[in-house]
Amino acid sequence: MADSMTAPREQATGRTRGSGVPHLGHWVLPVFTAMAIGYLMVPIAVMIVFSFNQPQGKFNYIWNHFSLEGWLHPFDWPGLGDAVRTSLAIAVYSTIVATILGTMIGLALTRYRFRGRGLLNGIIFLPMATPEIVLGASLLTLFVATALPPLAGTVPALYPTGFGTILIAHVMFNISYVVVTVKARLAGYDRSLEEAAMDLGANEFTTFWKVTFPLILPGIMAAALLAFSLSIDDFVITNFVSGTTNTFPIWVYGIQKNALPVQINVIGSIIFLGAVALVALTQLRSGRAVRIR
Amino acid sequence: MPWLLLAPGLAWLLAFYVLPAVQMFTYSISTGSLETGFEMTGSFAAYGEALSRFGRQFLNSILYGGAATVLTFLIGFPVAYTIAFRGGRYKNLILFLVIAPFFTSFLIRTISWQILLGDEGPVLGPLKQLHLLPGTFSVLGTAVAQVAGLTYNFLPFMILPLYVALEKIDVRLIEAAGDLYAGRWAAFRRVTLPLALPGVFAGSLLTLIPAMGDYINAELLGNPQTRMIGNVIQNRLLIQNDYPVGSALSFMLMAAILVAVFVYARALGTEQLTG
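Chain order of the listed sequences is A and B.
Number 214 in this note's numbering belongs to position 214 of the first sequence; there are no gaps in the numbering.
Number 1057 in this note's numbering belongs to position 57 of the second sequence; there are no gaps in the numbering.
These are calculated hints, taken from the structure and not from any lab test.
Heads up, the beta-carbon is just placed ideally off N, CA and C, and yes, glycines get one too.
Careful, some of the hints might be misleading.
What the hints assert, rightly or not - Each computed BS3-like pair below joins lysine-lysine, with the alpha-carbon atoms no more than 30 Å apart:
| # | chain 1 | residue 1 | chain 2 | residue 2 |
| --- | --- | --- | --- | --- |
| 1 | B | K1091 | B | K1168 |
| 2 | A | K183 | A | K58 |
| 3 | A | K183 | B | K1168 |
| 4 | B | K1128 | A | K58 |
As the list claims (entries may be wrong) - Computed list of chain A residues with no C-beta within reach of chain B, every gap over 12 Å:
| # | residue |
| --- | --- |
| 5 | E69 |
| 6 | G79 |
| 7 | R85 |
| 8 | V92 |
| 9 | G116 |
| 10 | E132 |
| 11 | V179 |
| 12 | L193 |
| 13 | E195 |
| 14 | L200 |
| 15 | N203 |
| 16 | L217 |
| 17 | S229 |
| 18 | D233 |
| 19 | F235 |
Based on the sequences and whatever the hints tell you, model everything.
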């Protein structure tokens, strides 16, 4: 049914491209879109350009003259190296845990029909619909409560907050995103391949590892990438549960009142270019795979 | 079998999403301090104090968060429409550019706006040197800069769901409207726009929720008079250690957003699409 619906639609789009589709003025929309994209790009361009600045004084606000100083010494500021290391560690650990837990939920929700499934879908959605500041604030109240009576002593104390509590928070907000991404990937999944494997004598375990897992791996990888990028960029929630531990965004927030070192722009640019390269690479690979097929 | 797969993840969400919410509510009806501990009194005094002292910041959140949502829609809709119907072979490239800001830290992008809008920055500096603007003119530290920053930060959250909704529209329906003598504008208003409503709904929520709770734009681009409720929550909990009032404020923000979502869903009639 789905196929018979999309096929003629594709044709219709092809046939009418250019003339039949009503559009609001011929040049207005593309020009407007180009301007909007420009608006989105400008701060990124500023970040990269100002990473080559040699600022006068402590604040990298005004262009002075070109310098490679920041790029040659990207961690040359007390605490910056540690903050970047902490960010990477939190991102890696929270991505691994959230991806495993979220994929399990995603599998359960798409492969089994059981009572309470609809309710569960709603519960998974809730953390994404809650403002980050409320997530952060409520986690902090829980962590504080573990160290105060009546809870103190009966549960492990999670206050003062630090590395462990940041990790707990990042896993929590990443689980829902992983579930949603994995579920979207599993929606079009063909169960008959598994049945074929079982018919050919594979047991359930072999079927899962040899058939199911490779098939859903791209979805899991996409979810892991999303989780990693959300974790490494998170500021609002982390700020509530980090105590004296610095991640990169927390470090930037702390220092920007007193100084704005050019290294902030350098690290930001490295993260940006790394992410773009990663996406370009996966796009190229998936593009090639499609062509081969 | 499904419950075995579900158990660990659900336990995590129960312990670190549901329990914190309960704890936060408990603290909002408690009195005490970090040193002495908190005692639940069941009194809603913290809510009264929060509303009477920080009504202004609540209003700012609604005003600036709402303004940013409307602006992202006004900018985002034509963009999403162009990508969906006129993107052609550039569709993926433009979409990639729309999400590119996500590859940079939210905080650094906002700092970039500080650089851009600065009194002697790349925009105002030259204009002032040419005496096109008075030397005292500034944008940074005003509500305008703050709303522009909010709009900037959440624009991709508006464009993407709008694009998804528009992309799904069967072009033949729009053509049929034309065949039935609807002008382009009538076809747009009576066919395209209603079919795009789920995207409008999703995009507005994805923008409004984080925009209302934001405190970075207010702190870096605004001034003390333009602070929003997020700034107060952060100040109460992290600096004043005033847990009852901080918790009450967070709880009210959550409630306000849930009410907004509900009213909005009723008004647009897209309840079935949210579940």
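Consistency of the hints with the structure:
no.	hint	result
1	K1091(B) - K1168(B)	14 Å, holds
2	K183(A) - K58(A)	48 Å, violated
3	K183(A) - K1168(B)	20 Å, holds
4	K1128(B) - K58(A)	24 Å, holds
5	E69	18 Å, holds
6	G79	16 Å, holds
7	R85	16 Å, holds
8	V92	17 Å, holds
9	G116	10 Å, violated
10	E132	6 Å, violated
11	V179	8 Å, violated
12	L193	20 Å, holds
13	E195	17 Å, holds
14	L200	23 Å, holds
15	N203	15 Å, holds
16	L217	17 Å, holds
17	S229	7 Å, violated
18	D233	5 Å, violated
19	F235	5 Å, violated
Of the numbered hints stated above, those contradicted by the structure are hints 2, 9, 10, 11, 17, 18 and 19, listed in ascending order.
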